[in-house]
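Visitor: The chain contents come next:
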Amino acid sequence: MSRAVRLLRYGASGLLIELPSSAGVAAAYRTLRAAAADGRLPGIVELVPAARTVLVEAAAGARAPVDLVRGLISEDPAGQPGEGADPDSGARPTEVVIPVHYDGADLELVARTAELSVVEVIELHSSAEYTVAFCGFSPGFGYLIGLPEPLRQARLADSRPSVPAGSVGLGGEFTGVYPRSSPGGWRLLGHTDEVMFDPAANPPAKLAPGDRVRFKPVD
Amino acid sequence: MATDRAITVLRSGPLTVITDLGRPGQAHIGVPRSGALDRDALRLANRLVGNPDGYAGLEVLLGGLELRAESNCTVAVTGPPVPAWRHGGGAERRAVGSHQVVYLRAGEHLELGVLDAGLRSYLACSGGLDVPEELGSRSTDLLSGLGPAKVSDGDRLALGAVGDAPADASPVPASVPPALVTVPVLLGPRDDWFVDPAGALRGRVWTVGPASNRIGLRLAGEPLERAAEWDGQELPSEPVRPGAVQVPPSGQPVVFLADAPTTGGYPVVGVVPESALGALAQARPGTKVRLSPR
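As you go down the protein sequences, you meet chains R and X in turn.
Using the numbering used here, the letters of the first sequence map in sequence onto residues 285 to 503.
Using the numbering used here, the letters of the second sequence map in sequence onto residues 1244 to 1537.
Warning: the hint list may mix true and false statements.
[As the list claims (entries may be wrong)] Pair ranges (Cβ atoms, derived):
hint, chain 1, residue 1, chain 2, residue 2, range
1, R, V502, X, T1425, 39 to 45 Å
2, R, D387, X, V1419, 54 to 60 Å
3, X, T1251, R, P501, 51 to 57 Å
4, R, E379, X, G1356, 55 to 61 Å
5, X, A1454, R, R439, 19 to 25 Å
[Stated by the list, open to error] From chain X, some residues computed to sit far from chain R (all C-beta separations above 12 Å):
hint, residue
6, Q1343
7, Y1346
8, G1356
9, E1376
10, G1406
11, S1418
12, V1419
13, R1433
14, D1439
15, P1491
16, G1494
17, G1513
18, R1527
Honestly, the hints are just simulated from the structure, not real lab data.
Please read all numbers here as calculations on a predicted model, not as lab measurements.
Cβ coordinates follow ideal geometry from the N, Cα and C atoms, glycine included.
Please model the complete structure; the sequences and the hints are all you need to start from.
Guide: Right under this line is the structure:
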């Protein structure tokens, strides 16, 4: 993919912003969230970041929000190289600490693949600072970026039919927590007792895009 | 809003869920929109009984529902035409039909026959179904496990208070779902991943597959061919919305519906507009579908 920001049609009322990097996505999402909070994105019903794109969707029947987005996100890569939005805009990120029991079924596999000891894997995973790039897969499932290089490992060859709620795992460039029991193909490092998604809570999801996350080892 | 008004579902048929207009605005935390698959049909049912558009009703798959009114209430059934009867629980039944207001006295039953065409009926009751909300909606989302469980035989469902708007006494026309459904699809965002996407879509008739559900309509037919430059490539996860036509490596498209997840990993060749999704919600397996590129 190119370095430029691209605006792609997404149906009659949606617009997909393609950015050159996950950092660009984070910056564009922050800019758009801040604009929505200030009432500068009238009629927008969804703002959804993903790995390299952000979806902006207007109410059904409305026109795609191209003009609103053009005013906020620079399409000129020379203006803001690789970012497409002001990285300092928006509110300060929320910081979340998640206590983890590092007792996962794939801990030794991850250590072997990384050519590290289990203790070193735990140290590495719990010393990094992560950012929630986006949510998806199931409610409250955050895809966290910032994984140290040795821990960027392939998904399991075969998905497990059922991964318990609270499982902490990694897959590709991401790490994260399964909010509820579901099928899953990530390598499991451990589990947390935290409730990651509670529809009755406010906010319902413990993690939202842009949040900063740390994992803290507990016995 | 608590009242002692209620209905009891005596027979729920193959699948009955509680539904409204869903949970918009929460896709960024992974919450699907969900809600009625045929939104216009739910709105119409609500209007017939004098409810606001977004009140919760029942989405009934293939018919076969029977309920008993526990208090006087007004009901209406929309979607494809479906036989309906009112009775007192005994042998004597009176045909009342769909697409019109039906007044039930406490103790009276409403029974739906089997759909000859289409898939989903919508039943609204005056006052709406007053089950607890979850994330701003009373809709059952089977994929994400949000909202009430699917309706089971014997479930008693509370009704809200009746508003000021009168029920609409005149029947409205019902249209029979066609054997060939043509819907527009607005190309993009990833139409460039495919060889001549407009031409390929214009020339193909798809068949609705049996694995279709509230998450997506699975279409079978001559596969869409990936452009050589994208062959074997993986797309980083992208947001997906109801109406998105996602094309996995098999080339067999899936049109996402209300309970679809909020992100997906295959290219979306085009998006079916909201106004056409109701027609797809009524397309039963075997129905022919044409995606008309725009």
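Visitor: Decide, hint by hint, whether the structure agrees.
Guide: Outcome of the hint check:
1. V502/R x T1425/X: 39 to 45 Å: violated (58 Å)
2. D387/R x V1419/X: 54 to 60 Å: Once the Cβ atoms are compared, 59 Å apart, the range 54 to 60 Å for V1419/X and D387/R holds.
3. T1251/X x P501/R: 51 to 57 Å: holds (52 Å)
4. E379/R x G1356/X: 55 to 61 Å: Since E379/R and G1356/X have Cβ atoms about 58 Å apart, the given range 55 to 61 Å holds.
5. A1454/X x R439/R: 19 to 25 Å: holds (24 Å)
6. Q1343: The claim holds: Q1343/X sits with its nearest Cβ about 27 Å from chain R, beyond 12 Å.
7. Y1346: holds (33 Å)
8. G1356: holds (32 Å)
9. E1376: violated (9 Å)
10. G1406: G1406/X is indeed farther than 12 Å from all Cβ atoms of chain R, at 24 Å.
11. S1418: holds (21 Å)
12. V1419: holds (25 Å)
13. R1433: Given a closest Cβ separation of 8 Å, the condition is violated.
14. D1439: holds (18 Å)
15. P1491: With a cut-off of 12 Å, P1491/X remains clear of chain R, as the shortest Cβ separation is near 16 Å.
16. G1494: holds (21 Å)
17. G1513: violated (8 Å)
18. R1527: Label holds. Min Cβ-Cβ 25 Å, cutoff 12 Å.
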